[in-house]
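Chain by chain, the residues:
Protein chains: 2
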Amino acid sequence: MKITIIGATGMAGKELTSEALKRGHSVTAIGRSSEKLAKLAAGKDSQQLKTVAKDAFALTKADLADSDVIVDAFASSPDQAYLHVDLATKLIAMFRGAKQRLVFILGAGSLKTGEDHHLFVHDMEKNPKVQAIIEVPRNQFAELTFLRTVKNVDWVGVSPSINFHPGAATELLLGKDELLFNDKGVSETSAGTMAVAILNEIEKPQHQKERFTVADR
Amino acid sequence: MKITIIGATGMAGKELTSEALKRGHSVTAIGRSSEKLAKLAAGKDSQQLKTVAKDAFALTKADLADSDVIVDAFASSPDQAYLHVDLATKLIAMFRGAKQRLVFILGAGSLKTGEDHHLFVHDMEKNPKVQAIIEVPRNQFAELTFLRTVKNVDWVGVSPSINFHPGAATELLLGKDELLFNDKGVSETSAGTMAVAILNEIEKPQHQKERFTVADR
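Residue numbers (full-length UniProt numbering), protein chains in the order written: chain A, 1 to 217; chain B, 1 to 217.
Any given hint could be a false lead.
Repeated chains share a single entry, so a pair holds when one copy, or any two copies, can fit it.
[Stated by the list, open to error] Below, simulated DSSO-like cross-link-like pairs (lysine-lysine); rule was C-alpha separation at most 27 Å, straight line:
#1 K184 <-> K54
#2 K209 <-> K126
#3 K90 <-> K151
#4 K90 <-> K129
#5 K209 <-> K44
#6 K129 <-> K151
#7 K151 <-> K126
Since the hints were derived computationally from the structure, they do not count as laboratory data.
On a predicted model such as this, the values are computed, not experimentally measured, just so you know.
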């Protein structure tokens, strides 16, 4: 398939690019930095991987229309966290009624947890350690809230667990709207695990117009 | 003040344009049809009213940045009702952190009604007579759902009552999130009443980042 990755040089984007190439897909990697894109492409097959240095908000429908699947792996700085929402609304407006599949990497904040199934973002709001980045989970929750109103675009959202970190894939633990913990009580997702889960979903869709979650087993 | 009206030649837009001019504001009227705009401008002061023939989705920040207030009075056909959402998300993305005030005319479907405070759109969904236009209230509700997640734009939403129709202003009946009925049990809002309510709100803001509703008394 033809897969475009927006934010391809980021933590998740890099693993997604490698995993998609490994499985034989054609990848268009989009990022802002030509340097980072050159590093991403180094040693990879230039027939299979195309890089485009462009700000995500400058992308036109023509830039993306050739793809079967577009993955939004964009990450903003916490002081512009609303850009998560703005890129999602831009991509949705672009693909109304179209055949392209859109995959959005969301955060853990919009997952439910505890006996009362409260939103994990509310736990984060009470944690002084995450105040500096709290607008990120808030806006990723707003992004999912928006996506859930969208009926005429083939979208899917994917949330990692609490600790989303670099690293190779492990076995997958899959869920839907509840925050996952593994047998050791740890809630974490490596970028490699995220990449495998997304490529599995792209190749064999299990979720339509909903969000699922993946953790390291 | 400098007020821009998107959808100025529509039912609500026309009354808004007249009411704003009557109160001495400078108005930029935006619509797709030059003919309709010429008709709107006929007999009006060309110093005070500027018309711009442009599709709402082709508007740039430069087209709107000079305004104090932008009113989204856009109305779509029912088969493209998602454009209500797409224009709102476009305008919000355009004015993140900016000083401009954005006013969105929504529908009655997102208002609550009955003893159980259910959404009026659910009553509409059960009414065979409104099936042809049901996507309009559904998308206007999606638009409000999106707006409610927006924290860094000075937005306000306004819903009319069940029967939103052409006509001069009456006395106002104001509310917040509950569907209004007048003393005769009628739930209606004339475009003139809507225009007066919006100009009142523009001149003396009572609502910040929330929706209110207006009916004919």
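So, against the hints stated earlier in the document, which numbers end up violated here?
1, 4 and 5
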